[in-house]
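**Q** Make a model of the complete structure from these sequences and hints.
Each residue of the sequence shown is one higher than the one before, counting from 4 in the numbering used here.
Derived from the structure by calculation, the hints contain no laboratory data.
Label-pair restraints from in silico Cβ distances:
id : residue 1 : residue 2 : range
1  : Glu79     : Asp122    : 13 to 21 angstroms
2  : Ala23     : Tyr138    : 32 to 40 angstroms
3  : Lys5      : Trp145    : 22 to 30 angstroms
4  : Glu48     : Asp122    : 25 to 33 angstroms
5  : Asp26     : Trp145    : 27 to 35 angstroms
6  : Ala64     : Leu100    : 17 to 25 angstroms
7  : Pro120    : Ala89     : 19 to 27 angstroms
8  : Asp66     : Gln86     : 31 to 39 angstroms
9  : Asp66     : Asp111    : 27 to 35 angstroms
Using 25 angstroms as the maximum straight-line C-alpha spacing, the simulated DMTMM-like pairs for lysine to aspartate or glutamate come out as follows:
id : residue 1 : residue 2
10 : Lys5      : Asp111
11 : Lys5      : Glu59
12 : Lys37     : Glu110
From a predicted model like this one, the values you see are computed outputs, not experimental measurements.
Even for Gly, the Cβ is constructed at its ideal location relative to N, Cα and C.
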Amino acid sequence: MKVYLDDLRAGHAYIELLPAGSDDGDVYGFYPAKFDEKKEVLLGEGQLRKDRTRLEKNRAAADVRQIAKTIPLSGEEFERLKQFLAKQEQNPSFYFLVGYNCIDFLEDAYAAAKEQPEDKLMDRYSDDELDELGYVGTYAKWRFIGG
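**A** Right, dumping it as structure tokens:
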């Protein structure tokens with residue numbers, strides 16, 4: 004799997020499922036269901052969305068900082084991750100900008116894949132990397148790293 008953090012507006016975190024031997028997979032992000040491009044939605048029903056368009060747009064944008072980390076998964080871990088995402092598509096978590104957002108969602112996805120991980124997903128990002136990402140990086144440090 005590949006995890007992306009970007010600094011577009013408030014920032015976003017999303018995940019790409021990379022089947023073994025592939026450089027391209029399905030991309031998912033967690034959003035408020037009543038998403039509005041013109042304003043940030045603070046809380047409400049959540050929604051898992053396909054995020055390939057955002058990924059490609061941000062890769063091409065010179066003014067958007069995007070940091071990706073590849074996380075190796077075993078076949079069993081990959082299947083657990085797919086099951087977690089399927090459950091979230093059917094019954095998504097509640098979205099709360101400062102309590103359960105896209106980063107929290109990715110931490111849960113990582114924990115579901117690894118079952119009992121020894122680390123947090125955000126531990127894979129350095130303080131400097133997170134500092135470059137504005138709000139999304141600040142939130143990740145505050146919520147998961149204690150910085």
